[in-house]
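Undergrad: Letter 565 of the first sequence, counting from 1, is numbered 565 in full-length UniProt numbering, and no numbers are missing.
Capping the alpha-carbon separation at 25 angstroms, the derived lysine-lysine pairs in PhoX-like fashion look like this:
| id | residue 1 | residue 2 |
| --- | --- | --- |
| 1 | Lys259 | Lys277 |
| 2 | Lys793 | Lys676 |
| 3 | Lys105 | Lys177 |
| 4 | Lys784 | Lys33 |
| 5 | Lys673 | Lys784 |
| 6 | Lys38 | Lys793 |
| 7 | Lys152 | Lys99 |
Derived CB-CB ranges, DEER-like:
| id | residue 1 | residue 2 | range |
| --- | --- | --- | --- |
| 8 | Ala147 | Ala349 | 38 to 48 angstroms |
| 9 | Gly708 | Gly55 | 21 to 31 angstroms |
| 10 | Pro350 | Ala147 | 32 to 42 angstroms |
| 11 | Asn643 | Glu543 | 44 to 54 angstroms |
| 12 | Ser648 | Lys793 | 24 to 34 angstroms |
| 13 | Val957 | Asn10 | 45 to 55 angstroms |
| 14 | Tyr296 | Glu275 | 27 to 37 angstroms |
| 15 | Asp20 | Gly55 | 22 to 32 angstroms |
Hint data in this document are derived by calculation from the structure and do not stem from the laboratory. All C-beta atoms in this analysis are idealised placements derived from N, C-alpha and C, irrespective of residue type, glycine included.
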Amino acid sequence: MFKPVSSKLNANQMELEVLDYWKKEDIFHASIKNREGKTEYVFYEGPPTANGMPGVHHVLARVFKDIFPRYRTMQGYHVIRRGGWDTHGLPVEIEVEKKLGFTNKQQIEDYGIAEFNQLCRESAFKYIQEWEKLTERIAFWVDLDTAYITYKNSYIESVWWILKNFWEKDLLYQGFKVVPYCPRCGTPLSDHEVSLGYRDATDPSVYVRMPLVDDPSTSLLVWTTTPWTLPGNVAIAAHPNVDYVTVERKESSGEGTEKLILAKSQIESIFGDEEVKIVSEFKGKQLKGKRYQPLYTFLPPDKPAYRVVLADYVITNEGSGLVHQAPAFGADDMQTAIDEDLPILMTVAPNGTFIPEVKQWAGRFVKDADPFIIEDLNNRGLLFRTVPITHTYPFCWRCDTPLLYYARPTWYIRTSAKKDDLVANNQKVNWYPNHIKDGRFGNWLANNIDWALGRERYWGTPLPVWECESCHHQECIGSVQELSEKTGKDLKGLDLHRPYVDEVEYACPKCGETMHRVPELIDVWFDSGSMPVAQWHYPFENEQEFKEHYPADYICEAVDQTRGWFYSLHAISTLLFDQQCFKNVVCLGLILDGDGQKMSKTRGNVVSPWEVLDKHGADAMRWYLYTASPPGQERRFSADLVNEVLRSFTLTLWNTYSFFVTYANLDGWQPGKADKPQYSKLDEWLLAELHGLVRDVTTAYENYDVLGATRPIEGFVDHLSNWYLRRSRRRFWKSGSDADKEAAYSTLYEALVMLSKLLAPSMPFIADEMYRNLVVNLDPQAPKSVHLADWPKFNEGRLNDELVADMNLVMKLVSLGHAARNKSQIKVRQPLQEAAFSVSNIHDSAVIHEYADLLQDELNVKSVRALSAASEAAAYELVPLPKQLGQKYKDQFPLIRKAILALDPEKAAGMLLKGENLKISVDGEDFEILPEEVEVRMQAKEGFEVASDGAYIAALVTTLTDDLVNEGLVREFVRRVQEARKQADFEIADRIRLIYSCSAKLKYAIECFKDYIMDETLSVELDGENVPNILPNLSDEFDGETLTIWLDKA
RNA sequence: GGGCCUUUAGCUCAGCUGGUUAGAGCGCGCCUCUGAUAAGGGCGAGGUCUCAGGUUCGAGUCCUGAAAGGCCCA
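Could you put together the complete structure from these sequences and hints?
TA: Next up, the structure:
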């Protein structure tokens, strides 16, 4: 006996029960233990941060991470899945700062770094339970008990080892570069962090006069969108090859004139309708070296400044074509300063305010000083114009402070030195979708810039570089032991975080003075990118484990990780081992809400995963995420869309399963009893589709094609339920057991068991629920769960393309037959005499005969046949097929087509249908047209109800004989009896006594078909005479007849 | 400003190397079937395949350009 299965499914409840079973039997670990000693399949978990609530996008990533390890496990691989947590970094610090109400770094220092970091350590796992709960509920099988944690000493020590390795290869260096800098957080931001905060902002753009030293009546007209950088001005840049002009204009006071230098192309946009006189015209290079009067002299330049320099990056489609240069506040400016040996004026303090030397605005946040600077320039007659400009400007992604571009000393990894290796190793990676490889990721590598590693913060992996306070000798430390040796103290118990590591000092080997650790931490992306090494505490231990699990076979994250984790893994792996870090990577698109809007807290359209899980279950949610669109594409998400999956796919499958179990139990059927089932055509067809499905799904999994591994199953289940099962119902209903019934059970059983395996990686709950009932329940030898089972192999001998094609044709003809019935307004319950079909070739007409029974039954007609071309066709049409003829005759095709259409269709059709060639001539050239190159279509004569699609026609003979009418009435009668049975809550197998009273014509019909009726309704007695004096079960009128019935269990 | 992606029915998506009349599901309207089904079947409305050029006998598909949206980067 199978466990009875209700046709109603409570997905949530079913899944929770399965979860309990998995937990009780520890199926996850069993599935790994199961494969011990087998080939390793290596998966890396990209560590999330557990200091925020997990959302739908995390579910997306996690279910995609889950699917391939499950598949590979079933294929016999050993797949350990070690979880991981990203615990360091600014996001964690920000949370703690918020909690403490801090707004700047000084408050943290005052509070105490040790205490602050302790809170960070706790906060990093604030939502760990939420993460664990969700991970379990969506059946992401990952080992969280052994998860690596980036703040652990062992992890940090491995990261140090990597850094030391880079140090020894001269890949770690301290540089002085202009970086995007958050004055509030007091730290430079990585490119990745900066990119999180771009948005439109309005700033004052100003045009400023810079009078020439040699000719004070002439000024350079200089443009900038950052007035606060003007006190740091040291030069003006012009483009060498752009045309510049000196124009003369009336001064706005009305008196006198002034001369201004600017790019010629900007005259109109700057002066508009105002009349200006062009005094002279010249190339930009002629401006080189021209000296101008400085705007401000707060800081004395230590090198010659205040002159025009040339630079190619000067643009002339906005501004004036003359660009103000402040090397401390722009990457381009800095480069120019280096090239031109210009001074660097640092007018701003690390907290974003002007330094005391900038007397007027000292202590004021620079952006807030803009209006005052503008006012000052105006008062001094140097301001030409100010115009608000809206442009995209970066803001700090955490605290929303406008970023400043700011020259800072910081640490870099010289990734650009290994650019060729980075590019070469990328070529070995399979990217899904493929375009990322040479697109987004490839371009990023090709334009590689050094990795800005340093962070001037508190909670993170400290940069293990010690520097002598006196001679500035630097050393990089690669292990705790090394540090112990340096200091002569056993530092095994040392917490490798600030402030404890900062307290470790030792004597400089060069000069004997004290070595202190440099203040920086490292970028958290370096933490997570180190996980292949650091999760094993390699090379300090676990050498074997590390080597067996490097590189990864499979990783998967959202596309925003291109420059995040994907890059940090790839870069570290390349610099460390010159090897690719991952072989296959699936890159997921973003999640949008049901209307295609990005989910965000501010929009309030964030869907909670639990909302969906509680209602529709994890399987449906997973299935939706897998099948909605290609993985790399963004996908919409809403509870309704998931509900759709449940309704159209899960429930169809479940009902098929429930049907099988119900009838198999009724018949006491068990698998494997009959040696060799005598399969019908329909069975063989389903098995051909089934084994084709196994083949296709397997191929898809091998190619990391999630859509290909899921969508075809939907199509199969639809065929299984709405064709195979519908067509086979009577085989299961009939009483007794015979070979045909056995074949039907065997086929359906095989399909359901196979489906449970094919669905195991994608819908792990329903798959196991079915498998355990269908297989484990009967076979004590079987694995306890589908997830411990082997992936199915398809049977080549079961494949049958011709049979599949034939059945497709049958379905099409049935569909046309239904269409014709619909037109005739004759319901399907009324039998008709005959259906005739027209098809486009000889093979297809054989199909009509072969599947005559099926067609008759499905369309409720007494006979089917091919439409006779000779006697029943009214007109023929020739359709020259462009695919065949076009490819064969190329540009002659249009004329040949015309010639074919000009033939007498009837005569030509006759020849083609006999398999003869057509002879035509075009421009004196003769051609033989083959029968397969022209499609013959016919139209049926009158007297039929016809529906057609292309060459396919279904024609119904709609004249009704008395016999047919009687049979129709009987069918109506039977249906009402069945309805009454259902309403009386009888069991499917209950036998009944049936009493009826009705009008004469119906009564006659019932008498004629008495045996049929008793058989259909499981009546042991059919009585039209002895009407009882009690309330009837049903009274009805139809087709002009009246009917009353009583029934009773026999 | 650069790179990449997307644009096909009201919605979600197919459309293989160019080839007959561009399809499916959902939704909508009408009809129908049913002792597995919250289902199934049929018919109908709904498309200038974002636009403009080009290549070709033939373009949703290939090429060029443009537009809109998205992501990433400046």
